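Each chain, written out:
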Amino acid sequence: MSALTPTNVVQPGGDAPFDAPPVRRSPLVGFLRRARRHGGLMLGAAVLFVIVAAALAAPLIAPHDPYAQNLAQRLIPPIWQPKGTWDHVLGTDKLGRDYFSRLLFGARISLLIGLLTVAISGTIGTLLGICAGYFGGKVDAVLSYVITTRLALPVVLVALASAALVGGSLQGVIIVLGLLLWDRFAVVTRSATQQIARADYVAAAQAIGCSTPRILFSEILPNILNALIVVATLEMAHAILLEAALSFLGLGVQPPLPSWGLMIAEGKQYMFFSPWVIGVPAVALVFLVLAINLVGDGLRDVTAPENRT
Amino acid sequence: MLAYTVQRLIVALSVAFTVSVVAFFLLHLSGDIAISIAGPEASPAQVEVVRHQFGLDRPLVVQYLDWLWKAVHFDFGNSFYFRDTVVSLIASRIGVTLTLGAISLCLSLLVAVPLGVLAAVYNGTLIDRLALSFSVIGQAIPTFCLGLGLIILFSVTLRWLPVSGASTWKHYILPSIALGWYAVPAVMRLSRNGMLEVLSADYIRTARAKGVAPIVVIFKHALRNAIIPVVALAAVQFGFMLGGSIVIEAVFSMHGLGYLAWEAIARNDFPVVQAVVLILATIYVGLTFLADVANAFLDPRIRLA
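Chains as they are written, first to last, in this note's numbering: chain A, 1 to 309; chain B, 1 to 305.
Rather than coming from a laboratory, the hints here were simulated on the basis of the structure. Just so you know, not all the hints are guaranteed correct.
[As the list claims (entries may be wrong)] Only some residues are given here: those of chain B computed to face chain A with a beta carbon under 10 Å: (1) V19; (2) L27; (3) V50; (4) A140; (5) P162; (6) V247; (7) V285.
[To be verified] Counterexamples of contact, computed for chain A against chain B with all Cβ distances above 10 Å: (8) I51; (9) Q81; (10) I124.
Keep in mind the model is a prediction, meaning the values are calculated, not measured. Don't be surprised by glycine CBs; every beta carbon is placed ideally from N, CA and C.
Turn these sequences into a full structure, and let the hints guide you.
Put into C-alpha cells, the structure is as follows:
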C-alpha cells in the first residue's frame, strides 16, 4: 500500500560524472562518506543493528524460556509500573510467559518473514520487471497487464484467504506474502530497465554477441541494483507489517509462536486494564518498521546520482 | 478523449475479468471444498452428496463460467455459513465499509494536502522537516496498533467515544482516523513534490512578479496544477482503504464488508470470500479507470500522448 510515484524511484545509470575528479575514489568510500552524513540512515541502521543483534542472540540474552508458562505469575506488569519485578522486566502475558523473552524471539520471526518474503517477491518482481523493461513491445504489454491485475487484488484480503487455505503457519505466511508482494519490485525494475535498455554498454554487449540472459543479469541487473535494494528494504517493512496484521487477525502465524502481531491479538482482551500488554509488542513493531524505512529512505538519498558530490 | 476513454475501458474490463478468474481459482485449486463444507466427520458418501449438491463434481471451467454468469447478474449463490444469499449479506454490510472508506479518505486528504502544500512552500525549513518526519513515522505505525491505541486513549481513558460498533456517527470517528492515517504520508509526499515542481515554474514567477498576493499564487495558480496527480492517487488510496478496512473493522467490531470477509475466511465460506474479493477488485478497477479518465480530462498531455 504505497504510492508508486516516480519520485520514489532511484534513477539508475549515469554512474560516471561528466567532469570526473582527477583522483579516482572508490565508490564504496564515497558511499560510506555520504551515508555517515545522513542522520536518518545512521539512526535507522543503529536501531536495526540493535534489533538484529538482539534477535540473533535471543537464546543467550533471554532471561526465560519464551514458551514456559507459569500460571501463578500471570499478567505481571513491566518494571516501570508499581508492581513490576526485575525477574520479568517487561512483565508476563496471560499465561505467565516472560514478555521480554517472547519479544526477543518474536524479533526473529519478524526478521525471518521480512527477509524470506523479500527474497521470493524480489526474485519474481525483478524477473518480470527486467523482462518487461528490456524486451518492451508485446512482452511489456503482457507483463504490465499482469502487474495491473495484481494491483487490483485487495492484498490484505487475498493474503488472509490464502493464508487460511494453506493453514496459517510461518512457512505458509512467507509463501503467501512472497507470491503477493512482488508488484513494487516489478514496477520499479521495469521503469529502471527501460531507462538503461538503450545505453551504449547494453548496445555494445549486444554487438559482441552476448546472450540475452547474460545481458540481463550482468549488464542490466548490476545497474538497477541501487533501486532494487531500496525497494527491498521498504518491501521488507511492508511484509513485516502484513504478517503482524495477519497474525493479529488469527490467520497468520499460529500460537504459541511469539509473533508480535499475535502477542497484540492475545493481549487485546486485557488492554483495558493493562494497556502495556499490547503496548510493548506494538512499540517494538513500530521501532523495527521505522528503522527499516529510515534505512530504505536513507539508501535512496545516498545512492541517488544527483546527490553524489 | 473518446478513443482514450474506450481504450482505458477495455483494459479495465479485461483486468476485472482476469481478477474474476484469479478469485475463483485461487479458492478452488487449493483444496477440496466438498470436504470443507461437509465437515471433518463426514463419511466419503456424505462428501459425495455434498459435492453433487453444490455442483462441485462438474469440470472447473464449467463451474467458473456458471459462477461468472451469475456474478454478472448479481447472483453469488448462498453462503455456506450464514443462512442467507451472498448478495443480501453484502448489501447489508457494504454501506458501513463505503462510509468508513469515504470518511477516511476525506480525513486523510484534509490533513495530507495542506501539510504537503505547507511543506513545499516552506521547503527546507523546520516545517518541511517536521512534515517529512511525520510521514516516515506515520508509515511505521501498523493500522491495528493505531486503532487499539486510539481506543485506549479516547474510549477507555478519556471516555469520549464508543469502543466498537457502527451505529452512530461517533462510532466512525476513531476507525476513520486509523484507516485514513495510512494514506496520509503518500498523499502528503505527492502533493509536496507536485507543489515544489509547480512553484518553480515560470508562470508562477510571472504571477509573483505581477504582484499577485502570495496566498492567491499558492492556492489559485499553483495548487490547481499540483493537485492533478493527487486525484489519481486519492482514487487508488480509496481502493486500498476498502481492501484494508478488514483490519480496522476487526479492531472496532464494525460489521462491514471486511468483517464479513474475515468471518467467512475463518469458516471456509467460499462463496462469500470470492464475492467480496471480486467486488473489491472491481471497485478498485473502476476507480483507477475513473482516475485515468479524470486525469486525461484535466491534463491534455495524457490523452494526446
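To see whether the hints hold, each was checked on the structure:
{"no.": "1", "hint": "V19", "result": "5 Å, holds"}
{"no.": "2", "hint": "L27", "result": "7 Å, holds"}
{"no.": "3", "hint": "V50", "result": "18 Å, violated"}
{"no.": "4", "hint": "A140", "result": "4 Å, holds"}
{"no.": "5", "hint": "P162", "result": "14 Å, violated"}
{"no.": "6", "hint": "V247", "result": "5 Å, holds"}
{"no.": "7", "hint": "V285", "result": "5 Å, holds"}
{"no.": "8", "hint": "I51", "result": "13 Å, holds"}
{"no.": "9", "hint": "Q81", "result": "15 Å, holds"}
{"no.": "10", "hint": "I124", "result": "15 Å, holds"}
Consistency with the previously given hints fails for numbers 3, 5, ordered from lowest to highest.
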